[in-house]
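J.: What follows is each chain in one-letter form.
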Amino acid sequence: MEFLVRVVDKGVAVTCSKRGDVLSACPDGWAWSPEELTNDAWRIVSVNVLQSTVEAFLSNAGFVGGRRREWMLDFSLLPDPSLFTGVRTLPIIPLTRKQCTDAAVKKP
Amino acid sequence: MNVFCNGFPKSGNHALMKACELLGVPAVVNHIPYAEGLPEGTTHHVLIARDPRNIIVSWLRFHRDVVAPGKFLARFRQFESRSLAEELAQYEKWLWTAYVIRYEALIADDTAMRELARYLGVPYLEGAWEELDGLTVTWNAIKSDYRDVWTPEVIAAWYAEGGGKLLLRWGY
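From first to last, the protein sequence lines stand for chains F and G.
Okay, so the first sequence: first residue is 665 according to our numbering, each after it adds one.
Okay, so the second sequence: first residue is -14 according to our numbering, each after it adds one.
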C-alpha cells in the first residue's frame, strides 16, 4: 500500500488537513501524478499494512465533509524524521509495518 | 474460505476485523441482522458480541455525546430508531448459528484469538494478539465502561424496563 501524506498543514481550520494526515491510500505501484511526486507539502510512503489500518488513517468520523483525520503519523517517531521536512529527497519513502504503527497517533 | 464478520454496531466490529486480518484472513465490517441472511458462499460466520450496556456507552462516545446516566437511559430506550432491546433482537438468532466471539474476551488476552484461528482453520500467528490493540477506525485507549453511569437510579430503570432479560439473552 502507498500513502500520500501531508507534511505541511494545509491551514489552521480544523477541517484543513494537517501535517501527518494520510490524504489517500493506493495500491503498490500506483501511478502518482507529477504533482503528487514532487509537491514539498506531501510525501508518498510505501508500507505493508492491514486494511483496518488503512481505514483508520482515512477515517474522519464526526467531521463529515472536512479533511480532518482521526489518526496521524507522528514523523518524529520514525527512524528518519528529516525525510518529512522541507524538500523531498525520495520519490517514495519505504516504511515497515511496525514503523508505521509505532508512529500512528490518535488525535484528541 | 469465505469469512463473514458480523456484529451489531458498536460491538467491537473493527477489532474483530483487525483480529481476522492479523490471522491472515481478509475481513470487512458488516452489520447484518438475522432476517437478511448470510451472503451466498459464506463458509465461516463470526459474530462479535458485547455487553449491551457498553454498546450504549460506546455509541455515545462515538457520537461525541456526554456519557451520563440520563443519556445512557435515553439511548437504552431509543437506540437509533427503536429501543436497544428491539434493535439487538434483530441479531439475537445469530447467537445460535454463528461463531460468537465476545469483545471482552477478544481484548483481554490471546485466548479468544487463538480459538478464532482454530475455528477459521488457520494457524495462530505468534504476536498477533499483541498487535490487536489500537489503530482501527473506532479504537480508544480508554475502553467504554458502563460502570461510570451505573447508578442506583439507572440500575432500577434498566431492570424495570427489560434490561436484565436483554443481558441474559446476550450472555451477560
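Rather than coming from a laboratory, the hints here were simulated on the basis of the structure.
Glycine included, C-beta positions come from ideal geometry on N, C-alpha and C.
Treat the hints with caution; some may be incorrect.
The list that follows gives simulated cross-link-like pairs (lysine to aspartate or glutamate, DMTMM-like), each with its CA atoms no further than 25 angstroms apart [as the list claims (entries may be wrong)]:
(1) F/Lys682 / F/Glu699
(2) F/Lys674 / G/Glu116
(3) G/Lys128 / G/Glu116
(4) F/Lys770 / G/Glu146
(5) G/Lys128 / F/Glu719
(6) G/Lys56 / G/Glu21
(7) F/Lys771 / G/Glu25
(8) G/Lys128 / F/Glu734
(9) G/Lys78 / G/Glu116
(10) F/Lys762 / G/Glu116
(11) F/Lys762 / G/Asp95
(12) F/Lys770 / F/Asp673
(13) F/Lys771 / G/Asp50
(14) F/Lys762 / G/Glu25
(15) G/Lys128 / F/Asp766
(16) F/Lys771 / G/Asp118
(17) F/Lys762 / G/Asp94
(18) F/Lys770 / G/Glu115
(19) G/Lys128 / F/Asp738
(20) F/Lys770 / G/Glu100
(21) F/Lys770 / G/Asp133
(22) F/Lys762 / G/Asp118
(23) F/Lys770 / G/Glu25
(24) F/Lys771 / G/Asp130
Listed next, with one range per pair, are the computed distances between beta-carbon atoms [stated by the list, open to error]:
(25) F/Ala695 / G/Leu110: 26 to 36 angstroms
(26) G/Pro108 / F/Ser688: 29 to 39 angstroms
(27) G/Gln63 / F/Lys771: 55 to 65 angstroms
(28) F/Ala677 / G/Pro108: 16 to 26 angstroms
J.: Does each hint fit the structure? Answer for all of them.
T.: Comparing the hints with the structure gives:
1. Distance check on the hinted pair: F/Lys682 and F/Glu699 sit about 18 angstroms apart at the alpha-carbon level, within 25 angstroms; holds.
2. Distance hint between F/Lys674 and G/Glu116 is unfulfilled; the C-alpha atoms sit about 32 angstroms from each other, more than 25 angstroms.
3. Between G/Lys128 and G/Glu116 the CA atoms are separated by roughly 17 angstroms; this keeps the pair inside 25 angstroms, and the hint holds.
4. Distance restraint check for F/Lys770 and G/Glu146: the Cα-Cα separation of roughly 37 angstroms exceeds the 25 angstroms cut-off, and the hinted pair is therefore not satisfied.
5. Among the hinted pairs, G/Lys128 with F/Glu719 is consistent with the structure: their alpha-carbon atoms are about 20 angstroms apart, no more than 25 angstroms.
6. For a cut-off of 25 angstroms, the pair hint linking G/Lys56 to G/Glu21 is broken: about 30 angstroms separates their Cα positions.
7. A threshold of 25 angstroms between alpha carbons decides the hint, and for F/Lys771 with G/Glu25 the separation of about 39 angstroms lies outside it, so the pair is violated.
8. A hinted pair counts as satisfied when its Cα atoms are at most 25 angstroms apart, and G/Lys128 with F/Glu734 qualifies at roughly 17 angstroms.
9. Proposed proximity of G/Lys78 and G/Glu116 is contradicted: the alpha carbons are some 31 angstroms apart, above 25 angstroms.
10. Between F/Lys762 and G/Glu116 the alpha-carbon distance is near 10 angstroms, which keeps this suggested pair within the 25 angstroms criterion.
11. At roughly 20 angstroms between alpha-carbon atoms, F/Lys762 and G/Asp95 fall within 25 angstroms of each other, so this suggested pair holds.
12. Only pairs whose Cα atoms come within 25 angstroms are accepted, and F/Lys770 paired with F/Asp673 is accepted, the gap being roughly 17 angstroms.
13. In summary, the hint linking F/Lys771 to G/Asp50 is supported, as the alpha carbons are separated by about 17 angstroms, within the 25 angstroms threshold.
14. As the CA atoms of F/Lys762 and G/Glu25 are separated by approximately 36 angstroms, the hinted pair breaks the 25 angstroms bound.
15. Of the supplied pair hints, the one linking G/Lys128 and F/Asp766 holds, its CA atoms being roughly 20 angstroms apart against a limit of 25 angstroms.
16. Only pairs whose Cα atoms come within 25 angstroms are accepted, and F/Lys771 paired with G/Asp118 is accepted, the gap being roughly 16 angstroms.
17. Proximity of F/Lys762 to G/Asp94 is assessed by CA-CA distance (about 21 angstroms); at most 25 angstroms being required, the pair is judged to hold.
18. Between F/Lys770 and G/Glu115 the CA atoms are separated by roughly 18 angstroms; this keeps the pair inside 25 angstroms, and the hint holds.
19. Of the supplied pair hints, the one linking G/Lys128 and F/Asp738 holds, its CA atoms being roughly 23 angstroms apart against a limit of 25 angstroms.
20. With a C-alpha separation of about 30 angstroms, the suggested pair F/Lys770 and G/Glu100 falls outside the 25 angstroms cut-off, and the hint is violated.
21. At most 25 angstroms may separate the alpha-carbon atoms for a hinted pair to count; F/Lys770 and G/Asp133 meet this at roughly 23 angstroms.
22. Restraint check for F/Lys762 and G/Asp118: the C-alpha separation of about 13 angstroms stays at or below 25 angstroms, so the hint holds.
23. A hinted pair counts as satisfied when its Cα atoms are at most 25 angstroms apart, and F/Lys770 with G/Glu25 does not qualify at roughly 37 angstroms.
24. Proximity of F/Lys771 to G/Asp130 is assessed by CA-CA distance (about 21 angstroms); at most 25 angstroms being required, the pair is judged to hold.
25. Against the hinted window of 26 to 36 angstroms, the Cβ-Cβ separation of F/Ala695 and G/Leu110 comes to about 33 angstroms, which satisfies the hint.
26. Our hint of 29 to 39 angstroms for G/Pro108 and F/Ser688 holds, since their Cβ atoms are close to 34 angstroms apart.
27. Here the CB-CB span from G/Gln63 to F/Lys771 is close to 30 angstroms, at odds with the stated 55 to 65 angstroms.
28. For the pair F/Ala677 and G/Pro108, the beta carbons lie near 48 angstroms from each other, so the given range of 16 to 26 angstroms is not met.
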